[in-house]
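Residue numbers (UniProt numbering), protein chains in the order written: chain A, 1 to 416; chain G, 1 to 426.
Hint data in this document are derived by calculation from the structure and do not stem from the laboratory. Misleading hints may appear alongside valid ones.
[Stated by the list, open to error] When the alpha-carbon atoms are kept at most 20 Å apart in a straight line, the in silico SDA-like pairs for lysine to any residue are as follows:
#, chain 1, residue 1, chain 2, residue 2
1, G, K222, A, R57
2, G, K411, G, E355
3, A, K399, A, S318
4, G, K241, G, K215
5, A, K74, G, G194
6, G, K201, G, D223
7, G, K49, A, D77
8, G, K343, G, E413
9, A, K58, G, D240
10, G, K183, A, Y47
11, G, K86, G, H111
12, A, K229, G, K86
13, G, K131, G, P93
14, G, K222, A, R334
15, A, K103, A, M136
16, A, K58, G, Q229
17, A, K58, G, K222
18, G, K49, A, P48
19, A, K229, G, H111
20, A, K74, A, D55
Nothing here was measured: the structure is a model prediction, and the numbers come from that model.
Single-letter residue listing:
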Amino acid sequence: MASTFTKVFTSKRTVGILSLVGAGSLATGYLMHRQNVSAGSQVRRIYPASAEYPDLRKHNNCMASNLTPAIYAKLCDKTTPNGYTLDQAIQTGVDNPGHPFIKTVGMVAGDEETYEVFADLFNPVIKERHNGYDPMTMTHPTDLDASKIRSGMFDERYVLSSRVRTGRSIRGLSLPPACTRAERREVERVVVDALNGLQGELKGRYYSLVQMTEQEQQQLIDDHFLFDKPVSPLLTCAGMARDWPDGRGIWHNDQKTFLIWINEEDHSRVISMEKGGNMKRVFERFCKGLKEVERLITEKGWEFMWNERLGYVLTCPSNLGTGLRAGVHVKLPRLSKDPRFPKILENLRLQKRGTGGVDTAAVGGTFDISNLDRLGKSEVELVQTVIDGVNYLVDCEKKLERGQDIRIPSPISQFK
Amino acid sequence: MDRSCQKRFCKGTKGLITFDNDAGISRPSTLILEKIPGQNQVKNATMTKNKHNDYKLQFTTDEEFPDLTVHNNHMSKAITREIYDKLRSKSTPSGFTLDDCIQTGVDNPGHPFIMTVGCIAGDEESYDVFKDLFDPIISDRHGGYKPTDKHKTDLNFENLKGGDDLDPNYVLSSRVRTGRSIKGFTLPPHNSRGERRAIEKLSIEALNSLDGEFKGKYYPLKDMSDKEQEQLIADHFLFDKPVSPLLLAAGMARDWPDARGIWHNDGKTFLVWVNEEDHLRVISMQKGGNMKEVFRRFCVGLQRIEEIFKKHNHGFMWNEHIGYVLTCPSNLGTGLRGGVHVKLPKLSTHAKFEEILTRLRLQKRGTGGVDTASVGGIFDISNADRLGSSEVYQVQLVVDGVKLMVEMEKKLEKGGTIDDMIPAQK
């Protein structure tokens, strides 16, 4: 049945021609299906920018640190082609002054163009969040060649499980904070269509949140796969829970080692995981799966949002670049009590979380250890960082067991 | 890469559309719009004042229509694909759209105990532009109220009979509340920070000019001291950031606590909430059962406030069809909830309690307000109706009904029956 989106396919095949014509990489192809661009309707503005500027005096997030009245005045009357505004992008940061433990980003993108139209705010925020990475001057390396990984097998007496996740957005469709129901359903259709083409160890099936049976739901909960309607105000204030559970679902392969979340915080979240310490195999499957999915959507005329300045484009600026979080659940009862633990982690460019994920506490000395960085280093580099770092941490734990002393390692160099 | 100029191609155009990235896209484009045959698309995108809605119109009604299969609220019952198709291309002058109205009802399929409305207004014009949806909802919620019906407003407290003799051994406190929207501003689901602050400023000016029994003080939520906050909590005056998903999904908690606050008179018997679920919520209350006095103060205070707003050319939103215009359709008409906290331990466990309430056109809530349970046999009893009858009439129902129920309670205490006291349906 012909939908609005079938018209998109014919236009997307001319993407190749356009890139020859020399359109900028960001513009190539992704606006092909914009049939109606409202001719000149301004954002509704009754009061001057100074009257609309948010009160950020008690705020502590990246948006609040970088949104000056001058930047606000410059950007507040602009919109992306789809009509997304600055006020919408920053609403989550206005509504959520700060997180007790971490400095949140405080803004989101409603579509790919958000990062361009509101670059005057996004660029300094990106720079602050990603250790000085400057989107105006630097380029981000993408590398999904898992064969480059060295010694990716951990000591399984300490490392209980290994996991790599990232996100992918479908170019041409708005992101979760702004997408319409039709767009969200189209994201679901496009991604599920591609996933159903996966073979071998990746072969699996899709569970739509709308049609899920109670039995399926219980199984997914037991497998720790089910994601629920967001409760974090950081997400709900950004509009990501609208129309729940319409267009949302979970796909996983038969072996339960490759899992995709559809239309949660991003169009898709891709997760490769397994019990034990074989991070190399986890990453191999991760890369293989991602490349396969990309091939399958490209066949149908779609592509992922990506550019060489920002890497993979996702909803939250904190996930730009690789969008990758590679981590393990590892037992570090002695090391975690050592006062040098935070510094060791910092120098290794790692972060700790509880075993429930972000915003949870550790249980029984078992921590979730993962990479801090996302942008400016490739996937291979980041996973290698985690492998080397976790090996170091396990080594420290063993030393402490034997009554030996440990050393704080020198800091790993930044991309600059 | 040269980022100062990006070339974009749009299907259906005659050529390139260029814009200078420095200016974003605030410059009018030279794009010619094309209608795609066979689709339900808007013919003129500039008809709306909402650019995102313009963008959305490229998708068909079938593609955009919400999935309401598990829903049970007034909106989900009333909306059809025909109505959605007809209204989706429209917007109010301020840019509020149908999807904006219904989002809360899409996100909240139903309440376990009560039938929620499931849609809200973003401004005064919403009730007009989206009539085809609001009219059936209003009818369903307000006992068959027709689009041609007229609503009577009566804030003349002298028309209330009795109400000063409710037994204080049973009636612990009396309260009347309503809401008011200020003409010329959009409503809490839609208003910008600039508008909300202007509403606050105007409200403070109006309230600070009150004198006599109404003389009082404004406490902005934003910079409240701990001491003030504790006092307001102890007085049961402080309202908090909404947690109900019904309100959050409608966007009413945006920018909290910016431009929100509480005003009350020195006597702590007249209280105004600014910029919570409505522009203003006006509350008159006191301990004991003298509802007559509570209502008198309510009416006098409201009329004084209204005069001041009118002087600033910002009177209250009102029309003869739906009375006082408020954010939620359930509060149209009088927007009035007049009630008491009353001890009815025996009557509340009687088999006919619900029946009695229905016949008296009253509703019960717990003493924490809506969505709370009663404690120790003490109930919040208030009028069920809002639209189609006047303030005086609704408060009269409360006065007469509570008086009767207290008598029933006393009879049950003595071991008697109340079968002969059960009233006819009002």
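Results for each hint:
In summary, the hint linking K222 of chain G to R57 of chain A is supported, as the alpha carbons are separated by about 11 Å, within the 20 Å threshold. Proposed proximity of K411 of chain G and E355 of chain G is supported: the alpha carbons are some 18 Å apart, at most 20 Å. This hinted pair does not check out: K399 of chain A and S318 of chain A have alpha carbons roughly 35 Å apart, beyond 20 Å. Our distance criterion of 20 Å between C-alpha atoms is broken by K241 of chain G and K215 of chain G, whose separation comes to about 26 Å.
About 16 Å separates the Cα atoms of K74 of chain A and G194 of chain G, which keeps this hinted pair within 20 Å; it holds. Proposed proximity of K201 of chain G and D223 of chain G is supported: the alpha carbons are some 15 Å apart, at most 20 Å. Restraint check for K49 of chain G and D77 of chain A: satisfied, since their Cα atoms lie roughly 13 Å apart, inside the 20 Å limit. In summary, the hint linking K343 of chain G to E413 of chain G is supported, as the alpha carbons are separated by about 12 Å, within the 20 Å threshold.
Under the criterion of a C-alpha separation no larger than 20 Å, the hint pairing K58 of chain A with D240 of chain G is consistent with the structure, at around 18 Å. This hinted pair checks out: K183 of chain G and Y47 of chain A have alpha carbons roughly 16 Å apart, not beyond 20 Å. At most 20 Å may separate the alpha-carbon atoms for a hinted pair to count; K86 of chain G and H111 of chain G exceed this at roughly 28 Å. A C-alpha spacing of about 31 Å is found between K229 of chain A and K86 of chain G, which places the hinted pair above 20 Å, so the restraint is violated.
Distance restraint check for K131 of chain G and P93 of chain G: the Cα-Cα separation of roughly 15 Å lies within the 20 Å cut-off, and the hinted pair is therefore satisfied. Restraint check for K222 of chain G and R334 of chain A: not satisfied, since their Cα atoms lie roughly 45 Å apart, outside the 20 Å limit. For the proposed pair K103 of chain A and M136 of chain A, the alpha carbon gap of about 23 Å is over 20 Å, so the pair is violated. Of the supplied pair hints, the one linking K58 of chain A and Q229 of chain G holds, its CA atoms being roughly 17 Å apart against a limit of 20 Å.
For the hint pairing K58 of chain A with K222 of chain G, the CA-to-CA distance comes to about 10 Å; that is within 20 Å, so the pair holds. Between K49 of chain G and P48 of chain A the CA atoms are separated by roughly 18 Å; this keeps the pair inside 20 Å, and the hint holds. Restraint check: the Cα-Cα separation between K229 of chain A and H111 of chain G comes to about 17 Å, which is no more than 20 Å; the hinted pair holds. Distance restraint check for K74 of chain A and D55 of chain A: the Cα-Cα separation of roughly 17 Å lies within the 20 Å cut-off, and the hinted pair is therefore satisfied.
When the structure is compared with the earlier hints, violations turn up for hints 3, 4, 11, 12, 14 and 15 and for no others.
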